[in-house]
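Asker: Sequence:
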Amino acid sequence: MKSALIAHSNNDWVSCLPLVLLGIRSSFKEDIKSTIAELVYGESLRLPSEFFCSDSSTDRPGGHQEVLSDLRKYFSDLRPSPASRHGNPSTFVFKELKDCTHAYLKDCRFLKALQSPYTGPYEIINRDDKLITLKINNAPVKVSIDRVKPAFLLNSCNNLIAFSVHDSTNVPALTTVPAPAIFPVTTTQPAPEIVPVSIHQSTTKSRLIFSEP
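For the sequence shown, UniProt numbering assigns the number 213 to the last residue and increments by one with no breaks.
Watch out, some of these pointers could steer you wrong.
[Stated by the list, open to error] Below, computed lysine-lysine pairings styled on PhoX-like, alpha-carbon distance capped at 20 Å:
{"#": "1", "residue 1": "Lys95", "residue 2": "Lys33"}
{"#": "2", "residue 1": "Lys142", "residue 2": "Lys98"}
{"#": "3", "residue 1": "Lys130", "residue 2": "Lys98"}
{"#": "4", "residue 1": "Lys149", "residue 2": "Lys106"}
FYI, nobody ran anything at the bench for these hints, they're computed from the structure.
The task is simple: from the sequences and hints, build the whole structure.
Answerer: Listed below in structure tokens is the structure:
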């Protein structure tokens, strides 16, 4: 192997190593009457020269045309196999869109941080299975139904006032109960007598006398 690498004019032995190994594995050994590749794989290796040199079988008239016609026939018989879509996501639609009067419209533009993704609410003019018509700036605008969500609005002030008046007639009147009378409480117990107490303080002095021995 070293002699074969030195025989190459290229100093880059890494690029020459695959070709040298291929030649060693494909060289015929006189002592074993075979090649190393035939002992390992059971057949000889395909050398690069066989891809470029002409073969006697292709030199005959019509050889290349037969190969070309066979390839065309083979590829013309190819048909794509039927495929199935395993992931078919369904579009979520609010069921309240059938009855609501107003809806919010989703803004598909690039939004800033903490910006609401919906605008509105807008009045619904018309609706069908795929599109919904909203009244935006006093003009009808058709949008896809997957871009809107129902808006739940409060009743008008007139409805609220009528509701409160109607309910006030059914509420029973409250009965007033007079507050109980509060009378002052008098005590007949005499006040305790306070007797003065005199405190006499006496102090005595003590003297110690030591006798001589």
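Asker: Each hint needs a verdict: does it hold in this structure or not?
Answerer: Hint by hint, here is what the structure shows:
1. Of the supplied pair hints, the one linking Lys95 and Lys33 is violated, its CA atoms being roughly 84 Å apart against a limit of 20 Å.
2. Between the alpha carbons of Lys142 and Lys98 the distance comes to roughly 16 Å, so the proposed pair stays at or under 20 Å and holds.
3. Distance restraint check for Lys130 and Lys98: the Cα-Cα separation of roughly 12 Å lies within the 20 Å cut-off, and the hinted pair is therefore satisfied.
4. Proximity of Lys149 to Lys106 is assessed by CA-CA distance (about 8 Å); at most 20 Å being required, the pair is judged to hold.
Violated hints amount to a single one, hint 1; each of the other numbered hints is respected by the structure.
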